[in-house]
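Enquirer: The lines below spell out each chain.
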Amino acid sequence: MRYKVILFFISVFLSAGILAQTLYVSSAKTTLYSEANSEAKKVSELKRGDQLNVVKEQGSWILVRNDNKQGWVKKLFVSTQKPGDKVSILSESKTNKNVHIRKRASSDVTAASARGLSQDNEGVSTRFRGNRSMLEISEGYAILETMEVLTIDEEELLDFLKAERIQN
Amino acid sequence: MNNNKLTIYSMCFVFAFSACSSTQKTKNIESKHHALEIRQEINYGKTIALRIIRRYGVVKDDKATYYLNQVGKSIALFAGRSDFEYHFAILDTDSINAFAAPGGYIFVTKGAVIAMQNESQLAAVLAHEIAHVNLKHILNELPPPRDTEGIINRTSAVLSARGTLVSTAMDKIAEKAIQILFEKGLKVEAELEADQAALAYLAETGYAPRALPLYLERLRKIESGKKVEKVYNTHPPLSKRIAALYQMIKDNKYPEKRPTVKDRFEKNMGHLQ
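Chains as they are written, first to last, in the numbering used here: chain H, 1 to 168; chain G, 1 to 273.
Some hints here could point you the wrong way.
Claimed, not checked - Calculated lysine to aspartate or glutamate pairs in the EDC-like style (CA-CA distance at most 20 Å, straight line):
1. H:K82 with G:D83
2. G:K60 with H:E136
3. G:K253 with H:E39
4. G:K262 with G:E217
Unchecked claim - What follows is a set of in silico ranges between Cβ atoms, one per label pair, in the way DEER data are often shown:
5. H:E39 with G:A243: 17 to 27 Å
6. G:E256 with H:E45: 35 to 45 Å
7. G:K176 with H:I137: 17 to 27 Å
8. H:G59 with G:V188: 19 to 29 Å
9. H:Q70 with G:A35: 25 to 35 Å
10. G:E256 with H:K42: 15 to 25 Å
11. H:M134 with G:K176: 29 to 39 Å
12. G:Q273 with H:V55: 47 to 57 Å
13. G:A35 with H:Q51: 12 to 22 Å
14. G:K253 with H:K56: 20 to 30 Å
15. G:N140 with H:Q51: 23 to 33 Å
16. H:N68 with G:H271: 45 to 55 Å
Since the hints were derived computationally from the structure, they do not count as laboratory data. C-beta: ideal position from N, C-alpha, C; glycine also.
Kindly generate the complete structure, drawing on both the sequences and the hints.
Expert: Have a look at this one:
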């Protein structure tokens, strides 16, 4: 009995050590394969945040265990960091201006209008620079801010891909 | 239970508990450190992106820019790094190139867009640039700041007080990055590594990986036919990249038949011609 109890505590200690070899799926989804190549049989679909225990590495692949299943994932799609909220250093005023639009992929124009963007069918409308010298810093910041406030929901992105059967 | 047994059990419990506890503490510290590193990376990226924007200006076309972001953010969704938002813009120049700054700031030139034939080729170029960000190719070439929070605070001050650059440290870092982006280019190994990752991103997102070598073949034709300035002059020779890409596609058994999406590309980008 005494040895069983000691064994239990040792196993707890070892499992704590193994936590250091835990990885998380960092892409929206990825596949667990039976062998270390993309042609191999699919064991299961993994989604962002799924926890994986590392068994071994081989080139650009890692053998992992997840929910009693074992298989290979590409290193590119896992991380030692558990996915959390996106880190942002936008100012409060800019954060409030962030625009989240949900729309169907077939209504690009409508959504752009809904976001407050004017539609310009003349193509390249206003150009900041042309052949002139560098933009003023303030103009540059204004453009940078415009870039940063454009966010698109994950659901919309998936619809965008599904509309052309890029994703199923 | 005698005293000896009790002592042994107690020691085991404390040992195991402290191991679990310290592991959790370590993970918390790692998590905070990671968030700080990301903030630092974004700040580097902001400063570098500002330089790129000021140099070229951007095409102010909402339709094209939104579409560019739909394609770029879709790839980023499957590209295995979700700790910050990616931002995409079209640079107002006819030269053919694309740039990536740390923290997810990605630019493609109008000339490059005009040279593309379909959405999968746009996706391919963006995937290559996303790979540079994810693999920290530029970031790893820059000196780590001694005082991370200080740098962040100074940069925040810069960003809130438009029109005044107060952080000389960040300025020097940006200067070095700009030299790499516009003059020296990254190491050949980094470019090939980005190509390798881009193929995986394309396959994972659902685009045809061969869109990347097909686009580069198109650039090679433009380069030889028009005698314009060497396209992608900060990258390795096109012939070397094309050959390596086809070999990577073969080695990884990537699927060849995937949608190229020409109509949607024409609808959203065709007017840039």
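Enquirer: Please go over all the hints and tell whether each is borne out by the structure.
Expert: Hints versus structure:
no., hint, result
1, H:K82 with G:D83, "holds (10 Å)"
2, G:K60 with H:E136, "holds (16 Å)"
3, G:K253 with H:E39, "holds (7 Å)"
4, G:K262 with G:E217, "holds (18 Å)"
5, H:E39 with G:A243: 17 to 27 Å, "holds (22 Å)"
6, G:E256 with H:E45: 35 to 45 Å, "violated (23 Å)"
7, G:K176 with H:I137: 17 to 27 Å, "holds (19 Å)"
8, H:G59 with G:V188: 19 to 29 Å, "holds (20 Å)"
9, H:Q70 with G:A35: 25 to 35 Å, "holds (32 Å)"
10, G:E256 with H:K42: 15 to 25 Å, "holds (19 Å)"
11, H:M134 with G:K176: 29 to 39 Å, "violated (18 Å)"
12, G:Q273 with H:V55: 47 to 57 Å, "holds (52 Å)"
13, G:A35 with H:Q51: 12 to 22 Å, "holds (20 Å)"
14, G:K253 with H:K56: 20 to 30 Å, "holds (22 Å)"
15, G:N140 with H:Q51: 23 to 33 Å, "holds (28 Å)"
16, H:N68 with G:H271: 45 to 55 Å, "holds (54 Å)"
Going through the hint list in order, the structure does not satisfy hints 6 and 11.
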